[in-house]
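K.L.:
The lines below spell out each chain.
Protein chains: 2
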Amino acid sequence: MSRKRTLDDHRVHATEREQAPREHLYLVLDNIRSLANVGGIFRLADGFGVRKIFLCGITPSPPRPEIAKISLGAEDTVEYESLADPAKAVWLLHDQGVPVICLEQTDRSASIFETTFPRPLALVLGHETEGVDEKVLHLSDGEVEIPMFGSKHSHNVTTAAGITLGEIRRQWSSASGYGFPGGQ
Amino acid sequence: MSRKRTLDDHRVHATEREQAPREHLYLVLDNIRSLANVGGIFRLADGFGVRKIFLCGITPSPPRPEIAKISLGAEDTVEYESLADPAKAVWLLHDQGVPVICLEQTDRSASIFETTFPRPLALVLGHETEGVDEKVLHLSDGEVEIPMFGSKHSHNVTTAAGITLGEIRRQWSSASGYGFPGGQ
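Top line first, the protein sequences correspond to chains A and B.
In this note's numbering, each residue carries its 1-based index in the first sequence increased by 15.
In this note's numbering, each residue carries its 1-based index in the second sequence increased by 15.
If we strip away everything but chain A, and leave its shape as in the complex, we get (with noise of 0.2 Å):
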C-alpha cells in the first residue's frame, strides 16, 4: 500500500490553510522580465502564504497564460497589485511599517542564514541579470544574499526567492511556536 498522501488528505489541508489569515509577508517585484518566472513567483507565494505581491517596472501582470501555465493559477489566491515605480512600493510599505529586504549582493549583504528576519517583512526581488535597482536599494532597509558554494555566482530568481522565503518562515515559525498546517 502507498504511504504517499493521497488528494483528499491534500484537500483537506487546503481549505484549513485557506482559513487561516494570511502571514505580514508581501513581495516586491522589481522589473522581473520572464512570465516564467513572475508564474513560479506567484505558486511559491501561495505555497508561503504571502500576503500580497507587488509587480513593478516591466514585470508582467495576470491575466497571461504564461504567467498561468507556471503558477498553476495561483495569481487567484494571491493578491497582487500593478506599479510602474519599484520605489512607489516601497513607500507604500514603509508607510505600513513593512520593512524592505532586499536579496541581492552588495557590500554590505549578509546571509539570510545570519539574518534575523523581521516579521512583518516584504522582500524585492530584482531583474534577472540586472538584480535590485539602485533607487530601491537605497529606500530599502538592508540586503541579503544566499551563500553560494559553486561557480556560479547566483541562483535563478524564482530558485533565490524560494530558499530565502523558506528560511523566513523556518524563523517566524520556531519564534512563535506556529504550526505548521500541511506538516505531521
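Hints are computed from structural coordinates only; laboratory data are not their basis.
Just to be clear, a hint being listed does not mean it is correct.
The list cannot tell twin chains apart, which means a pair is met if one copy fits it or any two copies do.
Unchecked claim - Straight-line alpha carbon distances no greater than 16 Å define the calculated EDC-like cross-link-like pairs of lysine to aspartate or glutamate that follow:
id, residue 1, residue 2
1, Lys19, Asp156
2, Lys19, Glu149
3, Lys19, Glu143
Nothing here was measured: the structure is a model prediction, and the numbers come from that model.
Chain A is fixed; fit chain B onto it per the hints.
P.N.:
Coordinates of chain B only, in the frame set by chain A:
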C-alpha cells in the same frame, strides 16, 4: 556609487569555491520529466556544492541545449551519472554509507524544518506529478516535506529542491562552523 558586488568580486569568490572540496551531498532525480527542471536542478546543485547527481529512469541527461539554457552550463561543474533504475542509485549510495531521504509527502514525512539532516546525505526528487517511485520510497531511509501554507499541494520540484538544499546547508553550516565562502 553602486553597492552591488562586481563581476571581479564574483570571480575571486568563484575561484576560491572551485578549489574547496565538494560536500558529501548527492541528488537522485527519480524520473524527472522536464528538461527545464533538470537544467534548474543542475544550476542549483552547483550553487549548493552538490557532489554528484544521479539521473534515473526517464530523466533526460546532458548534453541537451534545453538543459544548458537553464543550467547556465552547470553540467560542466557537477558530476552526474545516468541509471535506468532509480533503485540502483539507492543501492550504490547505501553501499557507500550514504543515507537516502526522499522529498515526498507521505504518512510519515517530517517537515524539513523539524528534521536533523544526516551528513553525508542523498536527497531523492521525484516525478513532477507522480512523485517518488514506490520502490524507491520503500528502499530509502525516510521522507521529508516542505510545510505548505496556501491552496496548492506542492512546490515546483526545482524550487522545492532549492528550499530543501538551503535548509540542509544551513544546518550543516551551523553544526560545523563551516564558513560561507560566498558570504561575509
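K.L.:
State for each hint whether it applies.
P.N.:
Hint check results:
1. In the homo-oligomer, the alpha carbons of Lys19 and Asp156 lie at most 16 Å apart only across protomers (15 Å), although the nearest pairing inside one protomer, at 43 Å, exceeds that limit.
2. For a Cα distance limit of 16 Å, the shortest separation of Lys19 from Glu149 across copies, 9 Å, qualifies, whereas the shortest one inside one copy, 46 Å, does not.
3. In the homo-oligomer, the alpha carbons of Lys19 and Glu143 lie at most 16 Å apart only across protomers (14 Å), although the nearest pairing inside one protomer, at 36 Å, exceeds that limit.
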